[in-house]
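Go ahead and model the full structure; you've got the sequences and the hints to work with.
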Amino acid sequence: MINFILNNNEINTDRPAGSLLLDFIRYNQHLMGTKIGCREGDCGACTVLVGDLENGELQYRSFTSCLTPLGNIHGKHVVTVEGINMDDLNPIQQCMADASATQCGFCTPGFVMSLAGFCLSDQDANQQNAVAAIDGNICRCTGYKSIERAAGKITELMQQKGNQEAVEFVTANNILPGYFASIKERLQKLSLALNGELNQPASTAQFAGGGTDLYVQKPEELKEANVRFLYNKDVLKGIRKTGNKCFVGPSATVTDLQGSEVMRQYFPNFNKQVKLISSTPIRNMATIAGNFINASPIGDFTIFFLALNATLVLSDGNKTRELPLHKLYKGYKTLDKRPEEFIEQIWFELPGKNTFFNFEKVSKRTHLDIASVNTAIQLTVVDGTITEAHLSAGGVGPIPKLLEQTSEFLRGRAVTEEVINDAIDIAQSEISPISDARGTSGYKRLLLGQLIKAHFIALFPHLQVKKLLLSHSS
Amino acid sequence: MATHQYLGGQPDEALDRVDGRQKVTGAAKYSVDDILPGLTYAVLVESTIAKGHIKKIDTKKAQSAPGVLAIIYHGNAPAIPGYETGGNPAKPPTGGEPFRVFQNTQIYFAGQPIAIVIADTYERAIYAATLVETEYNKDDQRTDIEGNKDKAVVPKGPRYADYIRGEADAYKNSVIKIEAEYIIPVEVHNPMELHATTAFWDGEDKVTVFDKTQGVKSTQRSIMDAFKLKEQNVQVNTDFVGGGFGSGLRTWPHVIAAVLAAKKINKPVKLVLTRPQMFTMVGYRPYSWQKISLGATRDGVLTGLTHEAISETSTYEEFTDRTVDISKVMYACPNVNTRYKIVALDKSTPTWMRGPGEATGAYALECAIDELSYAVNLDPLELRIRNHADVDPVRNLPWSSKYLKECYQKGAEAIGWNKRNPKPNSMQEGEWQLGYGMGAGNFNANRGRATVKATLLADGSLVLQSAVSDSGPGTATTMTSIASNVFGLSPGKITFELGDSSLPPGPTQGGSTTTSTLGSAVHDVCVALQQKMAELVTIQGSLLQGAKPENLHFEKGYITLKTDASKKVAYADVVKQTGSSQLEVTKDSQAGDERNKYSIYSFAVHFVQVQVHRLTGVVRIKKVVTVADAGKIINEKTAASQLMGGVVSGIGMALMEDAVMDHRFGRYVNNNLADYHVPVSADVPDIKALFIDKPDPFINPIGSKGLGEIANVGFAAAVANAVYHATGKRIRTLPITPDKLLR
Ligand SMILES: Cc1cc2nc3c(=O)[nH]c(=O)nc-3n(C[C@H](O)[C@H](O)[C@H](O)COP(=O)(O)OP(=O)(O)OC[C@H]3O[C@@H](n4cnc5c(N)ncnc54)[C@H](O)[C@@H]3O)c2cc1C
Ligand code: FES
Ligand code: FES
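Respectively, the protein sequence lines represent chains B and A.
Numbering-wise, the numbering used here puts 438 at position 125 of the first sequence, and it's gapless, one number per residue.
Numbering-wise, the numbering used here puts 1257 at position 433 of the second sequence, and it's gapless, one number per residue.
Derived by calculation from the structure, the hints in this document are not laboratory data.
Computed from a prediction, not measured in an experiment: that's the story for all the values here.
Be aware that one or more of the hints could be misleading.
What the hints assert, rightly or not - Partial selection, computed: residues in chain A whose CB lies under 10 Å from chain B:
1. 1098
2. 1255
3. 1502
4. 1561
Said to hold, decoys possible - Only pairs whose alpha carbons sit at most 20 Å apart, straight line, appear in this in silico EDC-like list of lysine to aspartate or glutamate:
5. A/885 with B/533
6. A/1446 with B/498
7. A/1447 with B/461
8. A/1229 with A/1214
9. A/1461 with B/448
10. A/885 with B/448
11. A/1229 with A/1206
12. B/466 with B/448
Stated by the list, open to error - Stretch-level coverage of chain A by chain B, calculated; a stretch enters the list once three of its residues show a Cβ under 8 Å from a Cβ in chain B:
13. 1011 to 1025
14. 1183 to 1197
15. 1307 to 1313
16. 1468 to 1477
17. 1486 to 1500
Every residue, glycine too, gets a C-beta built ideally from N, C-alpha and C.
Put into structure tokens, the structure is as follows:
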């Protein structure tokens, strides 16, 4: 049995936990305002909000319902466009209508929900955040500008929020329906009644995190499958610092990382780098362990954590073992992991004051796209000499790769243009890109070289980079 | 039928969308949203090979899967009596032999529907479809234009014959010569709404169809033709259409398949295409190879222009567009010749996509003009002005109106054109190279035929009806504006009904003609209704008896005397006077002979500022200014939105859209929205959409030319030209992705 609140109604359903929220909403509940444009998380037409209690606080996040199994919303509040309709248009809808932000209107409910998510979030009410909230919604008609204008107007409404809790503010000001004010209490009751988690099948089952890879890859199979949902397990969540180590729960989402104090403090550019990775709803759902285990050769967080030299703690429910992340990958999508093992913990050493980190990604479409090539670097530099180096690269071979020889080469050397160019040459010997829709192998080789330069330009702005900038031009 | 009524706002300002409320609340119903009692679900089985024959289809396993109601394929499909296909039979959209779904074993393309599985739920239909087993006799397919150009032929019909004005290939004898080849890959419309059809039969000869279509009448016609039914027995509805851009201009085979399935099982059947099927079943902009050769004097006066194009079609139909036509009319050049050919490939049939041939042709022409500007060392803007066509050079007729030079000037000012350093690769901003580019275009402004019925009700409100669909531009809103102005009634009292084939016949929404065609009919019916009202109020014994009809004034729901405003009659009272509950007028409206005297076109120019990253080749569009001469702008809000939407499709065309086929199998490798890239909001910069907004005196009574297509014609060239200006690299194959700049 899956229990949750859908808009203002308590739901109790015996539909399989692996089946999709989108289909439940449309075909079981006949709430047709939630649209389908792709069923793969790419378009945002199916966006809903999911409210959950985190440390006693009610948090709303946007999800693409086409990739969300019912199992992941057990005990939560799901909001569709019908759930934010009021007697008159609510101010979010009014702003959209006033700005002529709809043409064919098919994408519109998705945009409205993403903007409602912005209003319900604890982010600062500024235009930038409002526009970021719609980064996963595609509109083929309007050209987006009218929608951004609407987002601007909504931002103005939200600016009076100050320190108030979002839910309190939007209900008090008639931005969203009054029933939202009762949700916190209703979720608390629900959680007591549920008394813990979903009945989970035996450990041989298929693990699922946020579902953003699984439900793109094999939605049909999962619907009836024996799925073990790790997404909601509190013990697998959270990001904390102990000594100079950072522990990341495998079910922490990208959004969790973005919100974490530790990350903000040690990786000040993290949010800027993350902007190039998927979209708000996907980041709300995507877990770090899911990215590792999916083993895509261009998984962004895998590349990121490879350069951090992260270590995994794997467990089969009884025994645990530690494994450096880069040892996980044995070949294309082949892992050093038994089926019953899951990632229980991820840790890495936090950078000291002489340690620098950078991440670069180039894709065909700048935003909301999988990388053609991505790479991350972590360097410790003492008195102009590199004392420790980890360089990773994706999209240049069958697995996400730690470039061990290049990293080794960098250790003990000064940061000079010659060293950088030599490092690029060594990197070329470690990679084996293939030609595909994201580019030819030659292009990927060239691009990795350019991105390695970009690392050094970003980390050492005082370097004379003129030559580096020009050296590719024919 | 969709009813659109304006709810609020001031009558004089640009109307907000009349259907905005339904759209922002999720209440707007699209064809995929119809749930009927007893509804069943259909899923198509597709061919996995691109060419050959079906040897055998085994449906046994699928047939016994839970919930399966029927499986239809060539072995058991009922005959489709009149497979005449596609739109008004007088004007078939595409030549050749139409594809006859489930009627034989021939395979024309990978992804071709070869069977349809109907089950009680969607999930069960999907599952059962995977159990259908097919064996083929496979032939070798040809799906790539490259390598098959020698098989290109000139399409039948005079329209596509080689065109020669003056001397052919005159560029060869010119002092300055430019020859360049350009490629645009396959682009797919990908409206956000998936195509969907729900059909149910009432007896043997009556069917109702909810369909995603840009023309309810043309879909009705196609179904009538296919199943040999009477007009009144085919009901086609489309309340809201979630975008089309051309994909809804035809009645595709899957629609016929759904209607056939509903007939076979005698229950309502719903068929929804998947996103991958949107790449093969509802058309695409064909791949094109183009070569432009220009000859000019040293001071940039064109002396020769040759435009050659080779495009693709399927093996069963002959799709053609106007790729080379823009080169005939865009510039004053004494010697112009064009050659247009198509290659039949083992792919599905392409169709028109936003700014169809013109956008394709303008990309090549406007890039070549830019190349020429550097060859003669002249500002590209100045070069265009020097070669401005003051009359239509093809027909040697005056333009009905043309404000292209004003567009140039307005756009250049807005983008800061004179701030650019004309030298390529000369402007920098840190790690970014900066560039400016421009591209212009035109589009034939047509007017078709439409009928509108106007009903004035006893409460003084007006209902207008016509069988059109609105795929997004805001047709009901625009029509309400026009009616409000012409008829003299506040928009809140006007309702526009559309999306229902039983209404008076309206046009198909395409080719930027809806406002011109339907708007004219709305104008005419409002005038006719006023005439009728004038007769009624001036006859003996009536409210303004004896007044001359030409002395009446219609405003804000009242008829007054021009000479004496105190004498007035409410519209409602005119109805009451007749003793009946309403007053009706139906008016058929079409163009006169103005087209014999004038050439009627819309014009636009696009200015673009780009940044190119020196290390990675990433291109960012920083600023766009688009100026359109589209005649009178009825509603600034919907028009600006329409123009920006067009610009963003241009961004897609220039920088990202590319349906990549693996020619070894004849299948697309990126048939989803993750890998087929359309612009997202972060890709879209500040866009200024500007209008000249001067009525065209001849095209129609309202003075509006078309807008939807012009927004995209010439845009990709502006981007390519800006990238050249930024980097000194000429990318002649779209899209301009980082890998092409980083070599
Ligand atoms: C629209 C869209 C855009 C995307 N963009 C990007 C992008 O820009 N960059 C990028 O890197 N990725 C991207 N992705 C891919 C995806 O979002 C990420 O890989 C994500 O991190 C996967 O996490 P998940 O929790 O959703 O994984 P799931 O789909 O739930 O699971 C993936 C795999 O991990 C396994 N798994 C999950 N948790 C554990 C655990 N604790 N122990 C063992 N096994 C586990 C599952 O069994 C499964 O095999 C995108 C996906 C979508 C749909
Ligand atoms: S349907 Fe496109 S994101 Fe869900
Ligand atoms: S309005 Fe049509 S997709 Fe956005």
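Verification of the supplied hints:
no.	hint	in the structure
1	1098	holds, 8 Å
2	1255	holds, 7 Å
3	1502	holds, 6 Å
4	1561	holds, 5 Å
5	A/885 with B/533	holds, 18 Å
6	A/1446 with B/498	violated, 48 Å
7	A/1447 with B/461	holds, 16 Å
8	A/1229 with A/1214	holds, 10 Å
9	A/1461 with B/448	violated, 24 Å
10	A/885 with B/448	violated, 44 Å
11	A/1229 with A/1206	holds, 10 Å
12	B/466 with B/448	holds, 17 Å
13	1011 to 1025	holds (count 5)
14	1183 to 1197	violated (count 0)
15	1307 to 1313	violated (count 0)
16	1468 to 1477	holds (count 6)
17	1486 to 1500	holds (count 6)
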